[in-house]
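Here the protein sequences come in this chain order: A and B.
So the first sequence is numbered by full-length UniProt numbering: it starts at 1 and just counts up by one.
So the second sequence is numbered by full-length UniProt numbering: it starts at 1 and just counts up by one.
Calculated directly from the structure, the hints in this document are not laboratory data.
Where a beta carbon is used, it is the ideal one built from N, C-alpha and C, also for glycine.
Take these hints with a grain of salt, some might be off.
[Unchecked claim] In silico lysine to aspartate or glutamate, EDC-like type, Cα no more than 20 angstroms apart, as pairs:
id : chain 1 : residue 1 : chain 2 : residue 2
1  : B       : 158       : A       : 41
2  : A       : 13        : B       : 71
3  : A       : 6         : B       : 85
4  : A       : 222       : A       : 235
5  : A       : 263       : B       : 210
[To be verified] Here are some of the chain B residues that sit facing chain A, going by a computed Cβ distance under 10 angstroms:
id : residue
6  : 35
7  : 41
8  : 43
9  : 95
10 : 96
11 : 99
12 : 119
13 : 139
14 : 155
15 : 247
16 : 278
17 : 279
[Stated by the list, open to error] Here's a subset of chain B near chain A, in silico, CB distances under 10 angstroms, partners left out:
id : residue
18 : 51
19 : 58
20 : 88
21 : 195
So the chains spell out like this:
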Amino acid sequence: MIANRKNLRLITKHSFIIAVTFAALFPFIWMASISVKPANEVFEGALGFLPKSISWDGYLQVFEQTPFFTWAYNSLFIAIVQTIGQVVIAFFAAYAFSRFKFPGRDLLFYFVLATMIIPVQAVMIPTFLTINMFGWINTFAGVIVPYLASGYAIFLMRQFFLSIPHELASAAAIDGCGELRILWHIYLPASMSAVAALSIILFVNHWNEFYWPLLVLTDEQKLTLPIALVHFQNEGVMEWVPTMAVSTLSTIPVLILFLFTQKKFVEGFANSGLKG
Amino acid sequence: MNTVSTHVQVNVKTQRAKRTAVNTNRLRKWVWPYAMLSPALVLYGTFFIFPFLFALFLSFMQWNLISPDMEYVGLENYRNLFADDVFWVSFKNTFVYALGTVPASMMIALGLAVLVESVGRAREIYRFLLFIPVVASLAVTSLVWMLLMNPHSGLFNKYLSVFGIEGPNWLNDPNWAMWSLIIIGVWKAIGYNLVLYIAGLKGIDNQLYEAAEIDGAGKWKQFFTITMPLLAPVNLFVLIVSIINSFQVFTTIHIMTQGGPNNATNVLVYQVWQEAFQFFDIGKASALSMVLFALLLIITIVQIRMTESKVHYQ
Numbered sequence: 001m002i003a004n005r006k007n008l009r010l011i012t013k014h015s016f017i018i019a020v021t022f023a024a025l026f027p028f029i030w031m032a033s034i035s036v037k038p039a040n041e042v043f044e045g046a047l048g049f050l051p052k053s054i055s056w057d058g059y060l061q062v063f064e065q066t067p068f069f070t071w072a073y074n075s076l077f078i079a080i081v082q083t084i085g086q087v088v089i090a091f092f093a094a095y096a097f098s099r100f101k102f103p104g105r106d107l108l109f110y111f112v113l114a115t116m117i118i119p120v121q122a123v124m125i126p127t128f129l130t131i132n133m134f135g136w137i138n139t140f141a142g143v144i145v146p147y148l149a150s151g152y153a154i155f156l157m158r159q160f161f162l163s164i165p166h167e168l169a170s171a172a173a174i175d176g177c178g179e180l181r182i183l184w185h186i187y188l189p190a191s192m193s194a195v196a197a198l199s200i201i202l203f204v205n206h207w208n209e210f211y212w213p214l215l216v217l218t219d220e221q222k223l224t225l226p227i228a229l230v231h232f233q234n235e236g237v238m239e240w241v242p243t244m245a246v247s248t249l250s251t252i253p254v255l256i257l258f259l260f261t262q263k264k265f266v267e268g269f270a271n272s273g274l275k276g
Numbered sequence: 001m002n003t004v005s006t007h008v009q010v011n012v013k014t015q016r017a018k019r020t021a022v023n024t025n026r027l028r029k030w031v032w033p034y035a036m037l038s039p040a041l042v043l044y045g046t047f048f049i050f051p052f053l054f055a056l057f058l059s060f061m062q063w064n065l066i067s068p069d070m071e072y073v074g075l076e077n078y079r080n081l082f083a084d085d086v087f088w089v090s091f092k093n094t095f096v097y098a099l100g101t102v103p104a105s106m107m108i109a110l111g112l113a114v115l116v117e118s119v120g121r122a123r124e125i126y127r128f129l130l131f132i133p134v135v136a137s138l139a140v141t142s143l144v145w146m147l148l149m150n151p152h153s154g155l156f157n158k159y160l161s162v163f164g165i166e167g168p169n170w171l172n173d174p175n176w177a178m179w180s181l182i183i184i185g186v187w188k189a190i191g192y193n194l195v196l197y198i199a200g201l202k203g204i205d206n207q208l209y210e211a212a213e214i215d216g217a218g219k220w221k222q223f224f225t226i227t228m229p230l231l232a233p234v235n236l237f238v239l240i241v242s243i244i245n246s247f248q249v250f251t252t253i254h255i256m257t258q259g260g261p262n263n264a265t266n267v268l269v270y271q272v273w274q275e276a277f278q279f280f281d282i283g284k285a286s287a288l289s290m291v292l293f294a295l296l297l298i299i300t301i302v303q304i305r306m307t308e309s310k311v312h313y314q
C-alpha cells in the first residue's frame, strides 16, 4: 500500500517535471521542425508540430544563398578571442584583488562590481563614439576590445581565488618565489577547473551576443550569426524555413558544448556568488 | 660615552636600513597588484569611465550624432525628458516587466528545483534539459517565439482555438504585448534560477530533514521551516541578479516589438537606443542614460543594504 502510494507520488512528480521540460524545450522542437519543412507547409492549418515530410531545402538555401560559413567563422573568432582575453585579464586582476592588501583595493573592487550592474546601454553612445574615434566601426576589434575587462569574470575568479589557502602562497614566497611564479605554479594549476567553467560560460555568452555587435557590425561579411539572422529577417530577404535553419545551425554548437561540459557549466553558474 | 654613542649610531643605522627595507618591501607589494590590475584599469578607463563622463557631458548638449555642431543647453534635455510621456511609459513598463518576470521566474524555479532534486537519478537529465533555454541565443529564440505567437498561423492560437478560445494578437495588441515579453522573460530565466536554487539546496544538511521527519514534520512544514530560511541568502542573490537582468531586457524587445505597439513594450534601456540611433537625439538619450544609471544605483544600494548581513562577497 505504502509502496504504491510512494510510486504514485513519484510518477506524478515525473509527469509534472516532464510537462514543464517539454514546455521549456518546445520552441526548440518547433524551430528544428520548421527548418526541415517544405516551405508551403510552414503555416499549414495542422495542429501537429512535427513535419509530415522532411525537406532539406531550407538548409540548402542557406548554404547556397548566404555567406553562412563566414558568419559562423566570425562568431567563432569573436567568441574565442574575447573569451581568452577576458579570462587572462580577469586572472591577473583577481589575483591582485585576492592576494594583496593595497591602498584603494576595496574601492576598486566595488568599482568592478558596479560595472556588472550598469547596463551597457547607459554608456553605449560614448562607447560607440570612442570606437568610432579609433576607426573600429565594422571591425572585430570594435566588438571585442571595449568589453575585454569583464567585471563578471574578475568577480568569479576572485571568488575562486579566495578559496585557495593563503598559506600555500606565503610558503612559496618565503622560499623565494616571485609573484609571477606563485601565480603560474600555484594559482593556475589550482584554478584550472574554475578557468574552464568560466571560459565555457563566457564563450557561450559571446557566441550569443546580440546588442553590441548589432551596433558595431554592419558589413554583410562581418556579421555574426545572431545579427545576420535578424538583419536578414527584417529586410525580408530570408523566408521562415531558412531562418529556422540558420537558427538551428547556430544553436547546435552551443548545445554540443553544453552537453559535453554540462557539469563545469552548471558549476560555474552556481558558483557565481554563492560561496559563503 | 664613546661606546654608548657608537652603539646608538649603529642602532639608528640598522633601524634606517630596516625602514628602507620595509619601504621597498611595501613598494614591491604595491607595485605588483597595480601592475596586475593595470590592463583591466586601462580598459575600464577608456571604455567605461571616459564614456560615462562623456555621456554625462552629452546630457547637457544638443547634438544629432552627425553634425559637427554641438550646443550647450544645460538641463533642458532632462526637462524635456521628464515632460515626455513616452519616458514615463517606459519607466512604468520597466517596473512592470521586472514585477512580471522576477517573482514568477523565482517561484517556478524554486518549486522545480525542490521537485527535481527529489526524484533521484533522473534529476541530472532534467537539470540539463531545463537549462537549455539559458544557453541558447535570445536572438534565435525571439524569432521562434515570434512565429509561435503569430496570431493567425502561430501554434499558440491554433491550440487555443481547439478549446474554442480566440487567442489574442500577442505581440501587436497593446494589452498583450508586454505580457508576451514577460512570458518569454520567465521562460528564459527559469533555468538559470533553477541551477542557483539547486546549488543552494545541496548546501542544506540532510540531517536537518531527518530530524524534522522524526519530529513528525510533514514535507510542507519542512519546506517552510528548514528549506526556506536556509535558502534566504540564495533567494536574495537570485533576486538581485533577476532584477538586474530584467532591467536590461533588450534583445526580445528589439527583435519582436521595437517597443511597440504604441510604446506598450518600451522600456528605459530600449528608449535610450531609440532616442540615440533612431531619432538621433544624443542629448536626450544621454540624459536618459544618466537617469537609468541613477535608478540602478539606487536599487543596487538598497539591495546591498538589505543583503549586507546575508550574502557574503568575501
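Here is what the structure says about each hint:
no.: 1; hint: B:158 <-> A:41; result: 15 angstroms, holds
no.: 2; hint: A:13 <-> B:71; result: 65 angstroms, violated
no.: 3; hint: A:6 <-> B:85; result: 58 angstroms, violated
no.: 4; hint: A:222 <-> A:235; result: 17 angstroms, holds
no.: 5; hint: A:263 <-> B:210; result: 28 angstroms, violated
no.: 6; hint: 35; result: 8 angstroms, holds
no.: 7; hint: 41; result: 8 angstroms, holds
no.: 8; hint: 43; result: 4 angstroms, holds
no.: 9; hint: 95; result: 15 angstroms, violated
no.: 10; hint: 96; result: 18 angstroms, violated
no.: 11; hint: 99; result: 18 angstroms, violated
no.: 12; hint: 119; result: 5 angstroms, holds
no.: 13; hint: 139; result: 4 angstroms, holds
no.: 14; hint: 155; result: 6 angstroms, holds
no.: 15; hint: 247; result: 7 angstroms, holds
no.: 16; hint: 278; result: 12 angstroms, violated
no.: 17; hint: 279; result: 12 angstroms, violated
no.: 18; hint: 51; result: 4 angstroms, holds
no.: 19; hint: 58; result: 7 angstroms, holds
no.: 20; hint: 88; result: 19 angstroms, violated
no.: 21; hint: 195; result: 5 angstroms, holds
Figure legend: structure checked against the earlier numbered hints; hints not met, in rising order: 2, 3, 5, 9, 10, 11, 16, 17, 20.
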